[in-house]
Amino acid sequence: MGRARVMHFLNQFFAEIGGEEKADAPLDSVKGPVGPGKRLGSLLGDSAQIVLTVFCGDNYFASHRVEVLQEIAKIGREEEITVFIAGPAFLAGRYGFACTEIAHALNHSLNLPCLTAMHPENAGVVGYREYKDPRVFLLPTSERTHGMEDALKRMAQFVYKLSFGGVIGSASEEGYLSRGIRLTEKTDKTGAERAVDMLLAKLSNQPFMTEIPVTTEEVTPIAPPLREMEGACLALVTTSGVVARGNPDQFKAVSNAKWAKYSVSGLKDMRDGKWDVIHGGYDTVYMSSNPNYGVPLDMIRQFEAKEAQEEGRFARLYPYFYSATGVGGVSSVIKRIGVEMAQDIKSEGIAGVLLVST
Amino acid sequence: MIAKEIERAGIPVAAITPISLLSRQTGASRVVAGVKVPNPCGDPELPSESDRALRKELIICALEALQTDVKTPTIFTPKIVYTRG
Numbered sequence: 001m002g003r004a005r006v007m008h009f010l011n012q013f014f015a016e017i018g019g020e021e022k023a024d025a026p027l028d029s030v031k032g033p034v035g036p037g038k039r040l041g042s043l044l045g046d047s048a049q050i051v052l053t054v055f056c057g058d059n060y061f062a063s064h065r066v067e068v069l070q071e072i073a074k075i076g077r078e079e080e081i082t083v084f085i086a087g088p089a090f091l092a093g094r095y096g097f098a099c100t101e102i103a104h105a106l107n108h109s110l111n112l113p114c115l116t117a118m119h120p121e122n123a124g125v126v127g128y129r130e131y132k133d134p135r136v137f138l139l140p141t142s143e144r145t146h147g148m149e150d151a152l153k154r155m156a157q158f159v160y161k162l163s164f165g166g167v168i169g170s171a172s173e174e175g176y177l178s179r180g181i182r183l184t185e186k187t188d189k190t191g192a193e194r195a196v197d198m199l200l201a202k203l204s205n206q207p208f209m210t211e212i213p214v215t216t217e218e219v220t221p222i223a224p225p226l227r228e229m230e231g232a233c234l235a236l237v238t239t240s241g242v243v244a245r246g247n248p249d250q251f252k253a254v255s256n257a258k259w260a261k262y263s264v265s266g267l268k269d270m271r272d273g274k275w276d277v278i279h280g281g282y283d284t285v286y287m288s289s290n291p292n293y294g295v296p297l298d299m300i301r302q303f304e305a306k307e308a309q310e311e312g313r314f315a316r317l318y319p320y321f322y323s324a325t326g327v328g329g330v331s332s333v334i335k336r337i338g339v340e341m342a343q344d345i346k347s348e349g350i351a352g353v354l355l356v357s358t
Numbered sequence: 359m360i361a362k363e364i365e366r367a368g369i370p371v372a373a374i375t376p377i378s379l380l381s382r383q384t385g386a387s388r389v390v391a392g393v394k395v396p397n398p399c400g401d402p403e404l405p406s407e408s409d410r411a412l413r414k415e416l417i418i419c420a421l422e423a424l425q426t427d428v429k430t431p432t433i434f435t436p437k438i439v440y441t442r443g
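Protein chains in written order, with the numbering used here: chain A, 1 to 358; chain B, 359 to 443.
Any given hint might turn out to be false.
[Unchecked claim] Listed next, the in silico DSSO-like pairs over lysine-lysine satisfying Cα-Cα at most 30 Å (straight line):
(1) A:K268 to B:K414
(2) A:K186 to A:K132
(3) B:K429 to A:K132
(4) B:K429 to B:K414
(5) B:K414 to A:K346
It should be emphasised that the hints constitute simulated quantities derived from the structure, not laboratory data.
Construct the complete structure from the given sequences, taking the supplied hints into account.
Written out as structure tokens, the structure reads:
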């Protein structure tokens, strides 16, 4: 097999077009490597060559998914691509999602082996685990780009194996995230012997590895609907990063671990108050000049009853809005924030929540 | 996600989510299709009155969603015009 012909997918940020303001950039391509592809290309050496880089904005992919997938498949076919790489996406959720979707599509339409890389908590991992494509592999990375060199090195090593058509072993051997695919292997010991070995190991506190990991899927709890709007107190919650001027609770723009509630008592419009926007995941210029975009106070006031018990209106808006900057967070931290917020909301007698996320 | 924990405590949540993120697992059961990431509850390219009217439609939809019994995660689409992307 000659040198592998690689197509590399990037989002607008890694393709060096721009940040959040370029998230609507349409699909485009250039010959050769771009951005981190250049370093990846040099690490690949003789095993493979990045002949083409395709890229588009995070929002563009989400809203034009079908067309983008078709177009990339067409390009891949025309350029006789033999390996597809996407990422590393770290914790960039929309980018990670795009990487997994494209890998899945190309694996099917062009039978390409695909490699992608992102943090294990990236939203893109969900699809990867559901699709279970035997020739699509996802390598775990750090949360942020400080792990770029390490990610690229491991990606290059993996591509080397893919290029030479070698057999890729299990997830634990090769370092990619498991997809839950069971492969049949020959072994010298019978099932009974292996089970007894495992039991003996377990009984004597020796390490053992289960052959079939049992995972339990969490069922999303669904709260009953609001039955009596006229008597209800509703609250606004936002993850857009709107905080009191001066950021008194010191939210971080990325990987924030705090939540707080800020008073809107007596305010009819967010612009009547003083706010800052702490969020590293999007361009906050609109939100800063009009925080009603993240905390829709001006219009929700219209649905607050002026006198007691008005039809079609709720009784009162809770005088605070809850805020927690939501970006680049690890799920255990977000869960803790959610649990604490939920406890406060419940103890305050709030009957329903309007949550605005970015 | 935060919405999931609030729902777990028995309080319904209407989650206004930018339209480009709807395919993500948010853990919310009542999802309202919002506008864009930088401005989920409005459109800065519209004149002020239209922007407020759009926000009002989102609220109406969210209040509807809160009062709707759902068995699985459900997307509610307000009567608004979405900016491209």
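#### Entry: Restraint status (C-alpha distance of K429 of chain B to K414 of chain B at most 30 Å)
holds, 26 Å
### Task
With a cut-off of 30 Å on the C-alpha distance, tell me whether K186 of chain A and K132 of chain A pass.
holds, 22 Å
### Task
Below or equal to 30 Å on CA atoms is what counts here, so check K414 of chain B against K346 of chain A.
Holds, because 26 Å separates the two Cα atoms, which is no more than 30 Å.
### Message
For K268 of chain A and K414 of chain B, compute the direct alpha-carbon distance and say whether it is at most 30 Å.
### Response
Since the Cα atoms of K268 of chain A and K414 of chain B sit roughly 14 Å apart, the hinted pair holds (cutoff 30 Å).
#### Entry: Restraint status (C-alpha distance of K429 of chain B to K132 of chain A at most 30 Å)
holds, 27 Å
In this structure, none of the earlier numbered hints is contradicted; all agree with it.
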